[in-house]
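First to last, the protein sequences are chains A and B. Per the working numbering, residue 1 is the first one in the first sequence, and the count goes up by one each step. Per the working numbering, residue 1 is the first one in the second sequence, and the count goes up by one each step.
Only true hints are included.
Below are the SDA-like pairs computed for lysine to any residue, each with C-alpha atoms no more than 25 Å apart in a straight line:
1. K215/A / D114/B
2. K215/A / E25/B
3. K11/B / N222/A
4. K11/B / E275/A
5. K286/A / W147/B
6. K90/B / N26/B
7. K589/A / G604/A
8. K206/A / R9/A
9. K146/A / G46/B
10. K226/A / T128/B
11. K139/A / S41/B
12. K556/A / E541/A
13. K38/B / W60/B
14. K414/A / G169/A
15. K316/A / K392/A
16. K5/A / L218/A
17. K215/A / N26/B
18. K90/B / A105/B
19. K262/A / K589/A
20. K38/B / T150/A
21. K139/A / T13/A
22. K286/A / A148/B
23. K11/B / A232/A
24. K538/A / F515/A
25. K109/B / P155/A
26. K206/A / T93/B
27. K206/A / D114/B
Simulated from the structure, these hints should not be mistaken for lab results.
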Amino acid sequence: MAWTKKILRVNLTSGSITEEPLNMEWANDYLGQRGLATRYLVDEIDPATDALGPDNKLIMTTGPLTGTVASTGGRYSVVCKSPLTNAVACSNSGGFFGAEMKFAGLDMIIFEGKASSPMYLNIEDDKAELLSADALWGKSVWEADKIMRTTHSDPQARIACVGRSAEEGNLYAAIVNDLHRAAGRSGVGTVMASKNLKAVIIRGTKGLGNLRDPKAFLSAANAGKKVLAENAVTGQGLPAYGTQVLMNVINEVGALPTRNMKETQFEGASNVGGEAMLEPRKSDGKPNLTTNGACFSCTIACGRISTIDRTHFSVKDKPEYWINSGGLEYEAAWALGPDTGVDDIDALTYANFLCNEDGMDPISFGSTLAAAMELYETGAITKDQTGGMELKFGSAEALCWAAEVTAKGEGFGKDLGLGSKRLCEKYGKPELSMTVKGQEFPAYDPRGIQGIGLAYATSNRGACHLRGYTIASEILGIPEKTDPLDAAGKPGLVKAFQDATSAVDSAGLCVFTTFAWTMDDIAPQVDAACDGNWTTEKMMEVGERIWNMEREFNSKAGLTGADDTLPKRLLTEAANAGPAQGKVNELDKMLPEYYQLRGWTADGTVTSETHQKFGLPG
Amino acid sequence: MQKSLHIDPGKCTGCLQCESACSVENEGMVNPSKSRIKVFSFHDEGRFVPYTCTQCDEAWCMQACPVDAIVLNPENGSKDVLSDVCVGCKVCTIACPFGTINYNASSGKVVKCDLCGGDPQCVEACPTQAITYIDANATGLDRMRAWASKTDNASA
Numbered sequence: 001m002a003w004t005k006k007i008l009r010v011n012l013t014s015g016s017i018t019e020e021p022l023n024m025e026w027a028n029d030y031l032g033q034r035g036l037a038t039r040y041l042v043d044e045i046d047p048a049t050d051a052l053g054p055d056n057k058l059i060m061t062t063g064p065l066t067g068t069v070a071s072t073g074g075r076y077s078v079v080c081k082s083p084l085t086n087a088v089a090c091s092n093s094g095g096f097f098g099a100e101m102k103f104a105g106l107d108m109i110i111f112e113g114k115a116s117s118p119m120y121l122n123i124e125d126d127k128a129e130l131l132s133a134d135a136l137w138g139k140s141v142w143e144a145d146k147i148m149r150t151t152h153s154d155p156q157a158r159i160a161c162v163g164r165s166a167e168e169g170n171l172y173a174a175i176v177n178d179l180h181r182a183a184g185r186s187g188v189g190t191v192m193a194s195k196n197l198k199a200v201i202i203r204g205t206k207g208l209g210n211l212r213d214p215k216a217f218l219s220a221a222n223a224g225k226k227v228l229a230e231n232a233v234t235g236q237g238l239p240a241y242g243t244q245v246l247m248n249v250i251n252e253v254g255a256l257p258t259r260n261m262k263e264t265q266f267e268g269a270s271n272v273g274g275e276a277m278l279e280p281r282k283s284d285g286k287p288n289l290t291t292n293g294a295c296f297s298c299t300i301a302c303g304r305i306s307t308i309d310r311t312h313f314s315v316k317d318k319p320e321y322w323i324n325s326g327g328l329e330y331e332a333a334w335a336l337g338p339d340t341g342v343d344d345i346d347a348l349t350y351a352n353f354l355c356n357e358d359g360m361d362p363i364s365f366g367s368t369l370a371a372a373m374e375l376y377e378t379g380a381i382t383k384d385q386t387g388g389m390e391l392k393f394g395s396a397e398a399l400c401w402a403a404e405v406t407a408k409g410e411g412f413g414k415d416l417g418l419g420s421k422r423l424c425e426k427y428g429k430p431e432l433s434m435t436v437k438g439q440e441f442p443a444y445d446p447r448g449i450q451g452i453g454l455a456y457a458t459s460n461r462g463a464c465h466l467r468g469y470t471i472a473s474e475i476l477g478i479p480e481k482t483d484p485l486d487a488a489g490k491p492g493l494v495k496a497f498q499d500a501t502s503a504v505d506s507a508g509l510c511v512f513t514t515f516a517w518t519m520d521d522i523a524p525q526v527d528a529a530c531d532g533n534w535t536t537e538k539m540m541e542v543g544e545r546i547w548n549m550e551r552e553f554n555s556k557a558g559l560t561g562a563d564d565t566l567p568k569r570l571l572t573e574a575a576n577a578g579p580a581q582g583k584v585n586e587l588d589k590m591l592p593e594y595y596q597l598r599g600w601t602a603d604g605t606v607t608s609e610t611h612q613k614f615g616l617p618g
Numbered sequence: 001m002q003k004s005l006h007i008d009p010g011k012c013t014g015c016l017q018c019e020s021a022c023s024v025e026n027e028g029m030v031n032p033s034k035s036r037i038k039v040f041s042f043h044d045e046g047r048f049v050p051y052t053c054t055q056c057d058e059a060w061c062m063q064a065c066p067v068d069a070i071v072l073n074p075e076n077g078s079k080d081v082l083s084d085v086c087v088g089c090k091v092c093t094i095a096c097p098f099g100t101i102n103y104n105a106s107s108g109k110v111v112k113c114d115l116c117g118g119d120p121q122c123v124e125a126c127p128t129q130a131i132t133y134i135d136a137n138a139t140g141l142d143r144m145r146a147w148a149s150k151t152d153n154a155s156a
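Could you put together the complete structure from these sequences and hints?
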């Protein structure tokens, strides 16, 4: 129920497309989306396999609430092994693509093998066909989207597509759907392109009607919407300012990583935050933000729809960018702004447009550029490598140029496409890479917010805020306030957030609902939709099972407890200013307790007791 | 009092809750492709616009129907399709200037908004009040009030 119980398996090597039933026993243990697709991945690939080889698989997956009227019930994820981290990858996206999968009758699409030439998958309800992507290869996501819409003459089809960055092997390439939503992190787009798969276009008209108890579901969904509407964050802050509501807040608490995380406060923060996006500009009197936009079924509507100032140097001769499109979200704004030292909001918006147009994770791109800027300032990179560009912190010109060359994989853009870890290794200064397990940091400095440091260090997909968003508690006081500067109690907090988030992701809901919803708001919605008696306790158990399964995948891929760490800078160089001045991240105080709470050995291995307790595979 | 749907596109976020609610009411499942209200997203302009039948008094579709399958509901003023009478000739879809009555290939009949018999579900579902159901005589009142507030008589 709520699941369509149908999987489409696409073998790109042979060209065969087959349908198979969803494993409902697994659905009862792993719910859907992130958990369930990872269960399939664990079953079907060797974790040690080459992430960019044909033996890796790429799974597009929905949750049981995707395509329902539950608020934010439109999420989908892409699961595979990551080429950036060599760990499990699960990148979550909103927009409308996931719901359309459900309306075409699909819970999941599993791609395996590698096509001999570029292809794309066309799905119209029960019809699925692989078509030649010769006309799409070498095109940006935005160009390819236009071509496919013309070819299929269907303005209502939904498209997920990779850009030129993925084709060129950029290791943090995203899969962009609906033009500006993205399964952004960990290089899932790179894996898709490595299979010679350019895009998936879906039109679903079958609908979704198989809820366990439709009346109870409507009532639970309506109760949930009311909670979101009445909450200050989800009812007012996010619609008005988007996630960018955080820029000034995080700067104030002294946890806004600045210039490759050398500093913890940015003097230009107020020029690039949510409030700045509402300020009318001189040239045409319009603000950067045109309106807010929602993903499918979302009653929060945090999405930013923005324009770039037409007189700005980046676009004054490029009318194709004088349009509205997905604007700055907080993490992207931080990576492109404070982390590179740039406080020019139009330059940031332009770079963000390019990240969407050619499918690059803006967090990893911005952070990698920040590392490159520090390498340039130390002399490890010179104009010889950049072809003459001065890669200085604070340079809007450098930011726009870097986005252009990286989007297309040209010249020095190839180096930037390596990601921060490999770039810093290549130029002999690995210590300048601000990454965990090879993935770049998001926008919260773990010196000023202790718990998030542990969340970064232990995240199963490398540094990530969405695997355990302790910012909610440490900064916003949700569900209760904890002291961001105090490491005490954080292991339990991190574990609780990690487990809950695994379950929320697996339902097909957006994690932003949890600013207002607790599991007691979510479980009744899942339970009314799905067979299986989904209580709060079962949701948390499933979340913890998923976390342990991901951990075991990573162990088999070769990762160990030694990878649960932070860059030396964050452990030894104290915050230079603000409320956290003098603090480093106290990971060593938190990690042993965290392992203990997880039921792992002192070196971070899942014990056989824990393995058996959760009935983990293998 | 006769009521009408009042749509304020400026408040729409494009979430499609209205389309889902419409299809749940009329098709028994979430199926935006079968919704009688549609939200159009004009990406480059950054605009979302919900659009559906406005229940014309002299309804073109009703006038054009050769078998009198479209009838006035005197309770709420909606023009309703009698699906057991409709022969699926689609003449109404040609006659309607707005495109808001459409053929449904799976049933072989046309479908259009019937205001859910006076309790429009799209209105219930809209999280931003972009779609409201108000006194038909006063659909312009909000806009008048907005302009009135801009009239400068403070210095007079």
